[in-house]
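Q: Can you make the complete structure from the sequences, with help from the hints?
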Amino acid sequence: MVLADELAKAQRSISVAEFFEKNKHLLGFDSPTRGIITTVKEAVDNALDACEEAEVLPDIYVGIKRISGDVFRIIVEDNGPGIIPEQIPYVFGKLLYGSRFHQIKQSRGQQGIGISAAVLYAQLTTGTPTLVISRTSAATPACQVLLQIKIETNEPDIISSTEIEWDRTHGTRVQIEFKSSLAAKKRLLEYLRYTAVVNPHARIRVDLDDEPETFERVSAEIIVCPKAIQPHPHGIEIGQLQRMLASSDDPVEQFLILGFSRVGKKTAIEMCQISGISPEKPAKEITKDEQRQLITAMQQVNVPAPPASLCLSPIGEDLIIRGLQKEFPMDFIRARTRPSSVFSGHPFMVEAALGYGGKLPPEGNAQILRFANRVPLMYQQGACAITSCITEINWKSYSISQQGLPIGPLLILVHVASTNVPFTSESKDAIASIPEIEKEVTLALQELGRDLKQFLSRRDRNRLAEDRARAVCAIIPEIASKVSEIVELPVPDISPIEGRIMRKMVVKRDLTDGLVTIDLNNYTTFDGIVSVYETSLDDAAGAKPPADFVTSVGNEFTKVWQIPLTPGASWKVTWKGRGGGTLDIRGIEAGKLVVVDLNV
Amino acid sequence: MSKSDLNRKAIESLQKIAQNWYDQMKGGVIPSINLPTRTKHNIEFDDESEVWKYGEKESTRSAASAKSAMHILKMAWVIWFLKKQIGENRSSTLRELYYISEGWKKAKFGAQDESNFLIEDLEILTDMQREAFHLRPEEDGATIFGPIELKEVTRRGERKIHCRDDVGEAGYQIPTNVDTIDFLDHDARFVVAIETGGMYARLIENGFDEDYKAILVHLKGQPARSTRRVLNRINDQFKLPVVVFTDGDPWSYRIYASVAYGAIKSAHMSEILATPQARFIGVQPSDIRDYNLPSDHLNERDIAALQSELSDPRFATDYWKEQINLQLKMGMKSEQQAFAARGLDFVTKEYLPKRLSDMGIL
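Residue numbers (my numbering), protein chains in the order written: chain A, 235 to 834; chain B, 84 to 445.
Since the hints were made in silico from the structure, they are not lab data. These numbers come from a predicted model, not from an experiment. Even glycine gets a Cβ: it sits at the ideal position worked out from N, Cα and C. Treat each hint with caution, since some may be false.
Label pairs and their calculated CB-CB ranges [as the list claims (entries may be wrong)]:
| no. | chain 1 | residue 1 | chain 2 | residue 2 | range |
| --- | --- | --- | --- | --- | --- |
| 1 | B | 102 | A | 784 | 39 to 49 Å |
| 2 | B | 150 | A | 825 | 25 to 35 Å |
| 3 | B | 320 | A | 704 | 48 to 58 Å |
A: Here it is in structure tokens:
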């Protein structure tokens, strides 16, 4: 027997499940610590995608519980549309099974590997099958399935399937047990927090080994689910074209118009002309040579960019800011959504935000939040195109120090949304270096950097002004005392002057010749309504302007004026009376208020 | 005005400044003060009195800025000190005031220029002279020699002094406060104000004052206020012509200008300090040429000063334009004492008599 014959005996096909069993790192299961994050991430991604498709506000529960030793039970439950019982085994028990792989639109999951990989991992580490409960509507009962994956064939292995009572009317719950550790607890919470930032419409409740935490939603607006679009002629490869041609019953012209986005009659005919194929020729009958000519022609013809607004779902500047503000209190925060753009026929959009100050750590590298299609990227920061864009920007020109990465109390958020986010690997940790994407990221960050610089210089100016005001306020009392000594009179109350210099709101009450006066001067930037409460024996019936309302207790009257004030505005009220009593100002913080009562 | 009236008026005017600040603060207003802008861009020629005075431009110093607040604080301390000093009938020099401020903590002056400047501000605000505040400059007054008699009120009583017969070779020393002297009588036809001590001594030694009935006044370079005040008063009281005799260089022409038209620093009192009738006798650039005087080359700074004088309104006469242009063309300058090259008597026997008769004084 020749060697080749012996070798031939060993040759056999490999199931995709077997392949991933050996290459766990490709799916993000390289260590038990990381496995737990990947599992939660895959389950939460699926839950958010499902809710988006069903156009419901996501309500997601994540439970992690130590069962015994290093075995953990992970539960993720959502209020999505549910999965019909027949599909459940395939969704969870077969790798590379999914609804979104063949669609061209922005979605979190794509290949249908993630969650089934977690099932596989559980099976490998504890041998425990995965429990799935799903219900599609109030009219149908919930279905509970216990399943595993047949590794040799990559087919689901259903252990049991029963109808059960469930308190949710629709949704899915998955319960997976595997060996892991909670060493990466901080990172897990970080992942959930980042997820909450870019999914401001979601509420995520977490029970992390009996430590509950809730990430509340900041927006009750249901996000519009992106629509799937046809492939773009510039983003197609020969293999895909061959398959599409083979399954088409139309002539070439019609095939091009119906099968691709942004191709109309004129463009289709132009493509046919360049490739020398008759528009009437049935698509099925195109020869190999013609296929090659056609694909070349498709690249040559000018076709508008794919309809990004349909298939992409950017978060939006306002919601990014609100999402960030909720989780990271900062002094400055600004977001930018760039116009959509295209790489190799795939539409994409870059969003970015910069935050500064507040509770961010004042030293060390800036905090970088990377997202792809609303999913946080937690690993391989150094390998990511976003990081290289950040390091290549000259942050010093925006008054931020830099050593490779910018340094200081800075938060940088970058979100890349695309129908096909170019990751460096299947574990989806880092975005590949695509010049078109890098250009957009850089532009967005530079725009934000300019805003930040303006904020910083204004802040410095304000600080300087405050320092100056303090210096003046140290001198004024000395002037007052010296001047009083010269004119031989008592030292005047200089608090209104200090209030004015320190930019506060100064309220002064005085009684002269039987006339009570309350003067209010707003030297602050306060813009709103303050209420003046004056309680005395005067009923102030003839007050100008009259009080907004008056209450009396015994013989005392409380007069209330509600005064809308803009920065720099002043207000005054007078009435005939005896004065006395008390004065109270509400609606402005005490630190910004100086009350001078000359009538006591 | 009697001395006690003057003291009372000084205290009142100073107190008025403080009272104004007090009222401002009482009313919740940030204390402030208005002063004319004291730069050469705010100097205007007053046709009536023929002197240069501060113009309309005013700047407000408000305690809203730390710098101005500090200025007001220092001013308050100075007013407080002056009020006390006048009340106690004491006096101090400008330099003493600067040292006294050492004990004023924050309000202490950084340099004497600062306190001098502040006193000038007070003069402007009160329309009074610093002497009324019992402040005097520390520099000596210049000297007078010639046929003039005056009365001085000294600490040891009144003295009548004849400025030739009762004084030594150096003449009568002008006190810092000229208001203590009264001019009684004279036997003079004109006054010569002389820049350098050497020429002043030469004229005395040669008996120029006796021969030509001249009152000699030594300016000692750029003249002090008291010297200028004396010239102004002699001119005003006895209607005697005043001529100014200086070196023949651009800086000396400015000495003449400050005698005749007033200085920027003291423009608020030009009317009592300047003598618009004073005329320039020499050394003229044309004298350098005509008498072939020993001379030096003009340096760059001299040339720049001459150029700037050409655009100075105080020198905007045909006479000065001609002389300055001539000097620029020659590129030469000469000192007063260069006349010695033609003999020690030349200046008194020939030059001055000729110039005086050309000017119609002799």
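Q: Hint by hint, note whether the structure agrees.
A: Comparing the hints with the structure gives:
1. 102/B <-> 784/A: 39 to 49 Å: holds (42 Å)
2. 150/B <-> 825/A: 25 to 35 Å: Given a distance of about 27 Å, which is inside 25 to 35 Å, the answer is holds.
3. 320/B <-> 704/A: 48 to 58 Å: For residue 704/A against residue 320/B, whose Cβ atoms are near 57 Å apart, the range 48 to 58 Å holds.
Checked against the numbered hints above, the structure breaks none of them.
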